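J.: Sequence:
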Amino acid sequence: QNYPNPFNPTTTIEFEIPVTGHVALEVYNILGARMAALVNDVKEAGFYQVVWDGKDEKRNAVASGVYLYRVTVGEFSSVRKMVMLK
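Note that our numbering has the sequence shown beginning at 200, numbered continuously upward.
Per label pair, the in silico range of CB-to-CB distance: (1) ASN204 to PHE275: 18 to 24 Å; (2) ALA236 to GLU274: 16 to 22 Å; (3) ALA223 to VAL265: 18 to 24 Å; (4) VAL218 to VAL265: 28 to 34 Å.
The hints are simulated quantities; they were obtained by calculation from the structure and are not laboratory data. Here the structure is a predicted model, which means the values were calculated and not measured. In this text, a Cβ means the ideal position worked out from N, Cα and C, and glycines have one as well.
Between the sequences and the hints, there should be enough to build the whole structure, so can you do that?
T.: In structure tokens, the structure reads:
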């Protein structure tokens, strides 16, 4: 989950992985366009916190609205909603 939610300008996304494996953490807008790839690496089992600065891949601040983040570990995937308020 992430906190704070709603957020401005940053939010911290927390996730736990049970076994070592490839982890991807990506942020999408409500239309499904990828805004940011925050993690794309092999991680050991454990608890992680990643800060999203509210910027897209071109380093532009994103607009207010609903965003989705997806954590993928191997074949497991989880999607959650978060809200940017300016």
